[in-house]
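Kindly generate the complete structure, drawing on both the sequences and the hints.
Going by my numbering, the sequence shown opens with residue 151, and the numbers climb by one from there.
Careful, some of the hints might be misleading.
What the hints assert, rightly or not - Result set (DSS-like, lysine-lysine): computed pairs, CA atoms no more than 30 Å apart in a straight line:
#, residue 1, residue 2
1, Lys307, Lys335
2, Lys307, Lys272
3, Lys190, Lys335
Calculated from the structure, these hints are not laboratory results.
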Amino acid sequence: MAATSVTTDPTRTVNILGFPVHLFDLENVASLLTEAIRSKPQARIRVATLNPEMVMAGLDNPELGSALRSADLVVPDGTGVVWALRRAGFRQQQRVTGVDLVEATLARCAAGGLRLFLLGGKPGVAEEATANIIRRYPGVNVVGSAHGYFSSADDGKVVAMINRTRPDLLLVGMGVPRQEIWLDKQWRSLAVAVGIGVGGLLDLWAGRTKRAPGLLQTLGLEWAYRVWRGP
151 MAATSVTTDP TRTVNILGFP VHLFDLENVA SLLTEAIRSK PQARIRVATL NPEMVMAGLD
211 NPELGSALRS ADLVVPDGTG VVWALRRAGF RQQQRVTGVD LVEATLARCA AGGLRLFLLG
271 GKPGVAEEAT ANIIRRYPGV NVVGSAHGYF SSADDGKVVA MINRTRPDLL LVGMGVPRQE
331 IWLDKQWRSL AVAVGIGVGG LLDLWAGRTK RAPGLLQTLG LEWAYRVWRG P
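Shown next as structure tokens:
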């Protein structure tokens with residue numbers, strides 16, 4: 151199925167060490183994802199949220215590198231990526247964090263009965279996250295969830311389970327690089343409009359971790375807060 155035209159406009163794409171970054175702000179990206187969800191199955195978007203750690207890992211890991219380069223939409227999540235874009239002349243570019251992007255998309259699509267599937271985390275995390283999502287975004291229909299503790303031999307079963315629930319949006323929280331590689335390999339088999347690797351977002355929604363205070367988010371120091379908080 152064809153993706154939206156987001157990847158076809160070269161004026162909206164910049165390469166950072168060989169990885170594409172799309173120059174959109176949060177509202178633009180949330181609008182693109184909302185449009186894809188509403189026009190399913192005509193449009194599909196696989197999203198990667200790029201930070202410097204992923205760039206360096208992608209240079210060393212061919213599978214991750216391929217997954218990042220082939221993503222339909224790559225947003226500048228990390229402060230270091232935004233810094234590189236500004237150094238390249240794109241001085242107005244802001245961060246588009248995975249947390250903010252997903253929450254903006256849920257807010258936009260909740261009234262339309264968005265069908266959401268959560269994949270990842272330890273056993274029990276997705277279920278805890280589901281309760282908080284429903285409370286925060288009435289109208290969102292969490293059609294299914296599963297933990298991320300499965301082997302590659304079970305990939306087919308997991309994909310079939312997801313497809314049976316007919317989700318619009320699939321959030322995969324299995325950590326880098328696994329979530330990006332898994333989405334890339336399974337994308338053609340998945341019947342979803344939008345897929346995003348979300349790292350520890352499910353733990354955040356489940357209340358098992360906390361996000362950095364607003365000032366640290368603004369300063370781009372969420373990574374330092376995570377290190378300070380510990381595993």
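Structure-based check of all given hints:
1. Between lysine 307 and lysine 335 the alpha-carbon distance is near 14 Å, which keeps this suggested pair within the 30 Å criterion.
2. For the hint linking lysine 307 to lysine 272, the alpha-carbon distance of about 18 Å falls within 30 Å, and the restraint holds.
3. At roughly 20 Å between alpha-carbon atoms, lysine 190 and lysine 335 fall within 30 Å of each other, so this suggested pair holds.
Every hint, counting from the list given before, is met by this structure.
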